[in-house]
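Engineer: Protein chains in written order, with our numbering: chain A, 4 to 256; chain B, 958 to 1076.
Think of the hints as simulated: they come from the structure by calculation, not from any bench. Cβ coordinates follow ideal geometry from the N, Cα and C atoms, glycine included. Any given hint could turn out to be false.
What follows is a set of in silico ranges between Cβ atoms, one per label pair, in the way DEER data are often shown [unchecked claim]:
1) B:1049 <-> A:220: 18 to 24 Å
2) B:1066 <-> A:197: 37 to 43 Å
3) B:1059 <-> A:179: 19 to 25 Å
4) A:209 <-> B:1049: 31 to 37 Å
5) B:1069 <-> A:91: 34 to 40 Å
6) A:122 <-> B:1059: 21 to 27 Å
7) B:1062 <-> A:126: 21 to 27 Å
8) A:170 <-> B:1059: 26 to 32 Å
9) B:1062 <-> A:177: 38 to 44 Å
10) A:59 <-> B:1062: 20 to 26 Å
11) A:208 <-> B:1059: 20 to 26 Å
Here's a subset of chain B near chain A, in silico, CB distances under 8 Å, partners left out [said to hold, decoys possible]:
12) 1043
13) 1058
14) 1061
15) 1068
Simulated coverage check for chain A against chain B, where a stretch passes if three residues somewhere in it have a Cβ under 8 Å from a Cβ of chain B [claimed, not checked]:
16) 91 to 103
17) 133 to 146
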Amino acid sequence: MKSRLTALFASVALGGSLLFVSAGIVTAATSPATGPSGKGVCATEFAAVKAGATVDTLRAFGDCEINRRFTTLTALSSKISASMVMTPSDAAALQSEISSTTAGLTSLRATIDAETSIPALKLDIVKIATGFRVYLLVVPQANLVNAADAVLAAQSRFATVKTNLAARIAAAKAAGRDTTAAQADLDAMDASVTQAVDLASPLPAALLPLTPAEYNAGTAGPVLANARSALVQARDQLKSAVADAKACRDALK
Amino acid sequence: MNSQVRSLTTLATTALLVGAAVAGCAKHDGAGAVQPASSTPAAQWSQVAEAAPTLAPTPIEAPTPIDSAAPVQAGVAGASAAPNATADPLDSQLSNIDNLLNSINSSLSGADAGTSGGE
């Protein structure tokens, strides 16, 4: 029975909760109304379910898992609002997704709180994870879109740097100095920025439409992984561009 | 004998001057006294900004949000401080880009943190 329960709730309490409970280590003592956002925080409720799956213990576990997702979504929404690089359209799309996810989870919580059948409760609890994919889809989606928009925002900053350095190169050339190395550095900076922008440009449009159903079908996961990989490359290109800009300046000293 | 009297007089005068100086410092909340640590980062920043004109003629970088792309220089050098003739605008432009790189790193970490949230 215990192994069946473990399998049933694995999709909800993956990782932290299960590991902590099976190791006999309970890390979270209480679950406040809004719920903490870290994994393993519903370990107490999960342990109670393992000890005896009743309507009360199942509801408590379900409510805890939903509440910690609310906390995560609220924090994510604040992060999006505070972002100074995310485009308004991307921010609006993500805020809309967070709103619909919150509404869906609110509805599911009401269902769970009103449910009196243990088998039905177990199915409802599984939906907390599979129906919304807060941690595996929504959170990575928002963060990766923010990173992509930050790369795109860097383009205009580098344009300012380019104007600055081009003027210095022109002045040095007018003074009769050899500016070959400086110009090569500036060209390298430009090329790196272009590569970074090319990597990041398609990502928001690829990431924003992803749905929990696509994640469950196995098609969203590779998109997230590829986006992350592209953003790491883009970030490294921008770092290289910064180094090229500094080399250009140093070549003119 | 006279030299001894002069030495004693000089010693007494010095002691009086030192005493007066200590008293003066105490009345001004003690320029030489140990200040209590500020309870908030904002208060600490405020104190740095006030002290800057006399203690730090060079610009001091203001803390910025992780996602901030705003320029980080907050020229707090006072009117009485000499302008920094060697300041290169390229530094602030590149610093601005560093902020963006920090934002990208933070977002990549956030994406990883999401997947480890337990689902």
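Engineer: Please go over all the hints and tell whether each is borne out by the structure.
Structural biologist: Here is how each hint holds up against the structure:
{"no.": "1", "hint": "B:1049 <-> A:220: 18 to 24 Å", "result": "48 Å, violated"}
{"no.": "2", "hint": "B:1066 <-> A:197: 37 to 43 Å", "result": "26 Å, violated"}
{"no.": "3", "hint": "B:1059 <-> A:179: 19 to 25 Å", "result": "40 Å, violated"}
{"no.": "4", "hint": "A:209 <-> B:1049: 31 to 37 Å", "result": "34 Å, holds"}
{"no.": "5", "hint": "B:1069 <-> A:91: 34 to 40 Å", "result": "26 Å, violated"}
{"no.": "6", "hint": "A:122 <-> B:1059: 21 to 27 Å", "result": "49 Å, violated"}
{"no.": "7", "hint": "B:1062 <-> A:126: 21 to 27 Å", "result": "40 Å, violated"}
{"no.": "8", "hint": "A:170 <-> B:1059: 26 to 32 Å", "result": "28 Å, holds"}
{"no.": "9", "hint": "B:1062 <-> A:177: 38 to 44 Å", "result": "40 Å, holds"}
{"no.": "10", "hint": "A:59 <-> B:1062: 20 to 26 Å", "result": "44 Å, violated"}
{"no.": "11", "hint": "A:208 <-> B:1059: 20 to 26 Å", "result": "25 Å, holds"}
{"no.": "12", "hint": "1043", "result": "12 Å, violated"}
{"no.": "13", "hint": "1058", "result": "6 Å, holds"}
{"no.": "14", "hint": "1061", "result": "5 Å, holds"}
{"no.": "15", "hint": "1068", "result": "4 Å, holds"}
{"no.": "16", "hint": "91 to 103", "result": "violated (count 0)"}
{"no.": "17", "hint": "133 to 146", "result": "holds (count 9)"}
In summary, the numbered hints that this structure violates are 1, 2, 3, 5, 6, 7, 10, 12 and 16.
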